[in-house]
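Chains U and G, in that order, are what the protein sequence lines are.
Just so we're aligned: the first sequence equals residues 1 to 487 in the working numbering.
Just so we're aligned: the second sequence equals residues 1 to 405 in the working numbering.
Rather than coming from a laboratory, the hints here were simulated on the basis of the structure.
Just so you know, these numbers come straight off a predicted model, no measurement behind them.
Beta carbons are placed, not taken as given, at the ideal position from N, Cα and C, and that holds for glycine.
Check the hints yourself; a few may be wrong.
Claimed, not checked - As a list, the in silico SDA-like pairs of lysine to any residue whose alpha-carbon atoms are at most 25 Å apart:
hint, chain 1, residue 1, chain 2, residue 2
1, U, 159, U, 287
2, U, 159, G, 107
3, U, 185, G, 109
4, G, 389, U, 176
5, G, 389, U, 188
6, U, 218, G, 144
7, G, 389, U, 171
8, U, 218, G, 231
9, U, 159, G, 206
10, U, 185, G, 373
11, U, 218, G, 272
12, U, 218, G, 150
13, U, 159, G, 227
14, U, 185, G, 381
15, U, 322, U, 234
16, G, 389, U, 234
17, G, 71, G, 12
18, U, 218, G, 12
19, U, 159, U, 127
20, U, 185, G, 349
21, U, 185, G, 313
22, U, 218, G, 389
As the list claims (entries may be wrong) - Quick list of the computed label-pair ranges, beta carbon to beta carbon:
hint, chain 1, residue 1, chain 2, residue 2, range
23, U, 244, G, 38, 50 to 60 Å
24, U, 430, G, 105, 52 to 62 Å
25, G, 38, U, 26, 30 to 40 Å
26, G, 355, U, 246, 42 to 52 Å
27, G, 105, U, 54, 51 to 61 Å
28, G, 277, U, 356, 34 to 44 Å
29, G, 104, U, 334, 52 to 62 Å
30, G, 104, U, 272, 15 to 25 Å
31, G, 126, U, 273, 55 to 65 Å
32, U, 356, G, 13, 48 to 58 Å
33, G, 258, U, 231, 33 to 43 Å
34, G, 17, U, 246, 48 to 58 Å
35, G, 257, U, 231, 30 to 40 Å
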Amino acid sequence: MPSSLTPAVLAELQRIVGDRGLITAVNQLQTYECDGLTAFRVLPSAVLLPESTGQVQQILRLCHRERIPFVARGSGTGLSGGALPTEGCLVITFSRMNRILAVDLANQQITVQPGVINSNVTAAVSPHGYFYAPDPSSQTVCTIGGNIAENAGGAHCLKYGFTVTHVLEMTVVLPNGDLVTLGAKTPNAPGYDLAGVFIGSEGTLGIATEMTLRIMRKPETVQVILAAFNTIQAAAQSVSDVIASGQLPAAMEIMDRLSIEAAEISVHPNYPSCEALLLIELDGPEAEVNLQMQTVTDICRGNGAWETRLAIDEQDRFLIWKGRKAAFAAAGRLSPNYIVQDGVIPRTSLPAVLEKLNAMAVAENLRVTNVFHAGDGNLHPIVLYNRENPGEEERAIDLSLRILDVCVEAGGSITGEHGVGREKQCSMSYMFSDPDLETMQRVRHAFDPLDLSNPEKLFPTPRICGERSRGAYAPHPLETSGIAEVF
Amino acid sequence: MSVSVAWPHHLTDQLASLVGPEHLRIDSETALTISPANTAQVSGILAFAHEHRLSVCPHGAGTKQTWGQGKTPSIFLSLARLNRVIEHPWQDLTCTVQAGCNWAALQQTLAAHGQFVALDPLFEDRATVGGVVSANDSGALRHRYGSLRDLVIGMTLVLADGTIARAGGKVVKNVAGYDLCKLMTGSLGTLAIITEVNFRLHSLPRHTRHFTVAAPKASLLAGLVASIRASHLLTQSLQLRSSASGCFLGIRLNAHPQAEQEEILAQMTRAENLELAECGEELWGTRDSLFAPEATVLRISTPPDQVCAFVDELQLSYTDLEVHTIAQAFGLCDVALHGAPEIITDAIRRLRADADTTVAVLQLGPGVEAPAFEIAAPVLSLMQAVKHKFDPESLLGPGKFFREA
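The following block holds chain G by itself, in its conformation from the complex:
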């Protein structure tokens, strides 16, 4: 292993001594990856980085590393070796897991007792627990179970100066002190590095049936979506897929067969002059496909009652672009755009001009220019004040959220 000019021996030697030389990899003249074995080693690395003013990004599987559009740090701190499910007291419906644990592996462990973390993030086969929580990812299950802020009950954190702190706890109900877990969820590794997460769990649903309703335009499905949302159906997910070739509404029901809810759903569908078809589970695993390497991918929030109209507007107003949308009826749309970069750049600007919608840019296609987030000025300065208290030197996740960092 050759050490570059940018990495003086004394620095890499000291870092290597914290984790063992085989767990340090020089990536380039200015970047290296280090893989600690435990929270104490994470603390040692951050204390060292703090002392030497080196920037650090936590790294899981790298599936969402570009979210937030940060700069390349001096150190990628890989959590790959913190990959264990520490405990699963299944009768308490909770678990404690290390941040580097693969999401699918966690779910497989929990499934042994018929339980799961009720969340279906992107890239489940590769993503890690820490990455999913840091990015506050969510999918179709959010309709029924809420987002990570309703599922994370505790954490172990390492702050920028190496301080190890615990937040929350291991019980579902707990109002002692500030809920720092909420602050960390979605902070993209800019406030602290998460090394362990405690989740509240749910029982895997016993009776799940999948249905689909097709229509040429989303607006033709709006009446059905509204009546399902206002109904007593035990709907697990309500997801709309739209592209130039048409729209499909996916409906997942969790009711016991004897409750005969599919019959109620069929009647509601007929009332809208639409046709209900039972389908397989494969319909739901498609959000990953939006992230083709050339695609620009947006996550757009809209009021729930405008989702269908918004999905149509995306197809009709941006005719020079190829638009694929997977929208959740509660008001969150993942949108992949393909086309000329300047047209996409302009489209994002136009979408952001609408006060009813909020646009996060998850992935930038080549040549496309747009900031990851737009945050209103008064609350942005409060967020900067929080950032400054946690990381005064701006060493964690440099450039994410706050561009001047």
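Excised from the complex, chain U in its bound form:
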């Protein structure tokens, strides 16, 4: 047994969750040694699969008493190492807490457990004409609990907002085992908006064990247009012009030539062959969408789009999105290894930043391809490299982190949706000053004075950032098998 846990503690854990709820065998623990950031692996001391809020409370009380760190985990699809175990920790996973507890259509709410898969929320209300808006690309496998930890986004958050916009109330077990309700099913919960801080805190403030989510009326009509341009700048200008015209599309995405070619090889979406492809999705009442689509098409043509293709029926839209979503997995067709980044910049700096990134890539003699949520300035540059070439991996990692620096310098952020986790915690000190980070730590210590809940994540620490070992991106098994794609 690799466990640093004493037999007495193990026996107590077993009493709480039962035989089936406790994993200690090394070969089984290996399943939990990493998440989507596979370059980092740590074997946990034990994995627990609780069945109720009460069991989670008992586990955390025990952890608190024995000073054992714990890491909550959903499906392990996170890309920043948020669910990476800590040395000697317990991993608490929610595959046995995966029930939908209540649907309240009159109030447009649904109450679920944290292990419910994102797309199952929409599936539960879809027959009634509703949907759950946050749609990370891993939505067919990722859990609501993980979405809350990361404040997950998706292609459609341009219009609909992030997870935090759609969570009304949560039952939360605090790191000392106390139970609190954060937020409320009705507007304006009294006091501080602790729910707003908890969502996106990457598991460092406690564990949510039940949540009430907002559901929305499905739009009457959805239309997608594909526009082909000769330059990224022209596509980016079209995005700015659409925004300036007062429209708020559901999604606006740009792919560059390399990404288009990769997508074409892998899923054949039949995209036009061009330097930059702009994809715009509009939704709403049919008459309104028809009018907006005319404006959007005119803007694209005015900026030099030489082909515009409209997809109205579901089959066409599915193929277009399939190509877009496959773009990252398809990077594997361009290069044996690659690193995906997740920077954000003000939309208007797009042309200038892209030029800078190109120059940096040329100087390093590395290829960088770009796929991005252009509507909200969220870039996903993919640095292509070959690990077999001596020194190339180090240069690729270095380039990918310097790309984040450029995003910060442009007034943006080091992460738009993947989170900080282990991957980017050293970049936090480039984006935030020490007083900013110390202010966040005040919140951390109000919730978790002993640093037990997902320790050594999110914040830069001398131990980790001193080592400067940030590791390379390696595709998640789910990604290579085509179950989920990186957005």
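Following the hints, position chain G against chain U.
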């Protein structure tokens, strides 16, 4: 300017030296108002107050200063001189504005590029950005655009010990670190003083039409409200006004005329045996009038599907009181009560006994007694722990949220 016994010269002199004597005003023996010019001066004042254990309340235009029912602090820190719109990169649909900026002035600046902060708070002509954010105020636009937690993307803060910190950023999409902006929004100046706010903006709607439907009781409008909420109409706001003389449902549509949504709305109204009338915008500016000096004003949260029934219940169950309600269909009712103080005090107690509703007391009429908020014990102690980490000496917004402070 005469300095009282309670304000020894050495303290007022030192404070005056931070901002210039013309920006310090002695209000009473125990209170003064100081007006810093920038974030650095705010930091200097708070560091000084911290060192001398002096309590401080941030002050904008004073329209909501009594929310939270705090005690009078030693120092009112006026943000009146931090009143600029710092930048409006309109193509990014964002802006950065100082906390003391007048709300209407901000909106006027943004309107030059056809944009706005999609929020209609109380007292728009007087209220300041910092005050609106600190009080987490919202109005009818929340139906479509959400509340401030969906609109604030970044802030500059000064903590109780004078530490200057930034939270969030200038981009709409950002998950780096804790979202401290959410924590500050609605904290009534008890955790830190906000000196700058970054907003995400929306384009001003191009096609807005206002409609009203009248009924003697709100329950007669419940079917229509439910079908509008479940429809595909581009509804910007859905607001119910109720008093002893009857009810009016206000509906604002944002659709292009060619979408002919008003025709769909008219059909839905006819199906409920009600009559739709087009009206002017003046219908919407009426929430301020609830705050007459003698009124007790409550902000009550209810489940959305119970709003109409609740509005009727207020009229029918409290017959000794004059009740005016302006309710948003998403479940937030601003209610003005006039009448004998003991009856109002009792009414608030009865309303708070109902598990489905939450009552915040925004304004107390003379003689009325009720705490501003009721917060459940387990989460209250967590909030106190947060407060203690930010302001261990309880110097900011004394008495607000936590009465023992």
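Hint check results:
Taking the CA atoms of residue 159 (chain U) and residue 287 (chain U), the gap is near 19 Å; set against the 25 Å cutoff, the hint holds. A C-alpha spacing of about 22 Å is found between residue 159 (chain U) and residue 107 (chain G), which places the hinted pair at or below 25 Å, so the restraint holds. Of the pairs offered as hints, the one joining residue 185 (chain U) and residue 109 (chain G) is violated, with about 36 Å between alpha carbons and a cut-off of 25 Å exceeded. Between the alpha carbons of residue 389 (chain G) and residue 176 (chain U) the distance comes to roughly 17 Å, so the proposed pair stays at or under 25 Å and holds.
With a C-alpha separation of about 23 Å, the suggested pair residue 389 (chain G) and residue 188 (chain U) falls inside the 25 Å cut-off, and the hint holds. Taking the CA atoms of residue 218 (chain U) and residue 144 (chain G), the gap is about 15 Å. The hint holds against a cut of 25 Å. The hinted pair formed by residue 389 (chain G) and residue 171 (chain U) meets the criterion: a straight-line CA distance of about 23 Å does not exceed 25 Å. For the hint pairing residue 218 (chain U) with residue 231 (chain G), the CA-to-CA distance comes to about 10 Å; that is within 25 Å, so the pair holds.
As the CA atoms of residue 159 (chain U) and residue 206 (chain G) are separated by approximately 18 Å, the hinted pair is consistent with the 25 Å bound. Distance restraint check for residue 185 (chain U) and residue 373 (chain G): the Cα-Cα separation of roughly 17 Å lies within the 25 Å cut-off, and the hinted pair is therefore satisfied. Restraint check for residue 218 (chain U) and residue 272 (chain G): satisfied, since their Cα atoms lie roughly 24 Å apart, inside the 25 Å limit. Proximity of residue 218 (chain U) to residue 150 (chain G) is assessed by CA-CA distance (about 21 Å); at most 25 Å being required, the pair is judged to hold.
Annotation: proposed proximity of residue 159 (chain U) to residue 227 (chain G) holds, straight-line Cα distance about 23 Å (limit 25 Å). At roughly 21 Å between alpha-carbon atoms, residue 185 (chain U) and residue 381 (chain G) fall within 25 Å of each other, so this suggested pair holds. About 24 Å separates the Cα atoms of residue 322 (chain U) and residue 234 (chain U), which keeps this hinted pair within 25 Å; it holds. In summary, the hint linking residue 389 (chain G) to residue 234 (chain U) is not supported, as the alpha carbons are separated by about 49 Å, beyond the 25 Å threshold.
For the hint linking residue 71 (chain G) to residue 12 (chain G), the alpha-carbon distance of about 21 Å falls within 25 Å, and the restraint holds. Between residue 218 (chain U) and residue 12 (chain G) the alpha-carbon distance is near 61 Å, which puts this suggested pair outside the 25 Å criterion. For the hint linking residue 159 (chain U) to residue 127 (chain U), the alpha-carbon distance of about 23 Å falls within 25 Å, and the restraint holds. Pair hint residue 185 (chain U) plus residue 349 (chain G) holds up; C-alpha atoms about 21 Å apart against a cutoff of 25 Å.
For the proposed pair residue 185 (chain U) and residue 313 (chain G), the alpha carbon gap of about 21 Å is at most 25 Å, so the pair holds. With a C-alpha separation of about 43 Å, the suggested pairing of residue 218 (chain U) with residue 389 (chain G) is violated against the 25 Å cut-off. At roughly 32 Å, the beta-carbon separation of residue 244 (chain U) and residue 38 (chain G) lies outside the given 50 to 60 Å, and the hint is violated. The supplied range of 52 to 62 Å is broken by residue 430 (chain U) and residue 105 (chain G), whose beta-carbon atoms lie about 35 Å from each other.
Range check, residue 38 (chain G) to residue 26 (chain U): Cβ separation about 59 Å, and the 30 to 40 Å hint is violated. Distance hint check: the CB atoms of residue 355 (chain G) and residue 246 (chain U) are about 43 Å apart, consistent with the given range 42 to 52 Å. With their beta carbons about 53 Å apart, residue 105 (chain G) and residue 54 (chain U) fall inside the hinted range of 51 to 61 Å. Between residue 277 (chain G) and residue 356 (chain U) the beta carbon distance is about 57 Å. The supplied range of 34 to 44 Å is therefore violated.
A hinted range of 52 to 62 Å holds for the C-beta pair residue 104 (chain G) and residue 334 (chain U), which are about 54 Å apart. Hint check: residue 104 (chain G) to residue 272 (chain U), Cβ distance near 48 Å, so the stated range 15 to 25 Å is violated. The supplied range of 55 to 65 Å is met by residue 126 (chain G) and residue 273 (chain U), whose beta-carbon atoms lie about 59 Å from each other. In this structure the hint that residue 356 (chain U) and residue 13 (chain G) lie 48 to 58 Å apart at CB holds, the actual value being about 52 Å.
In this structure, residue 258 (chain G) and residue 231 (chain U) meet the distance hint of 33 to 43 Å, their C-beta atoms being roughly 34 Å apart. Taking 48 to 58 Å as the suggested C-beta distance range, the pair residue 17 (chain G) and residue 246 (chain U) conforms, at roughly 50 Å. One distance hint, 30 to 40 Å for the beta-carbon pair residue 257 (chain G) and residue 231 (chain U), holds here, with the actual separation near 37 Å.
Hints 3, 16, 18, 22, 23, 24, 25, 28, 30, counting from the list given before, are not met by this structure.
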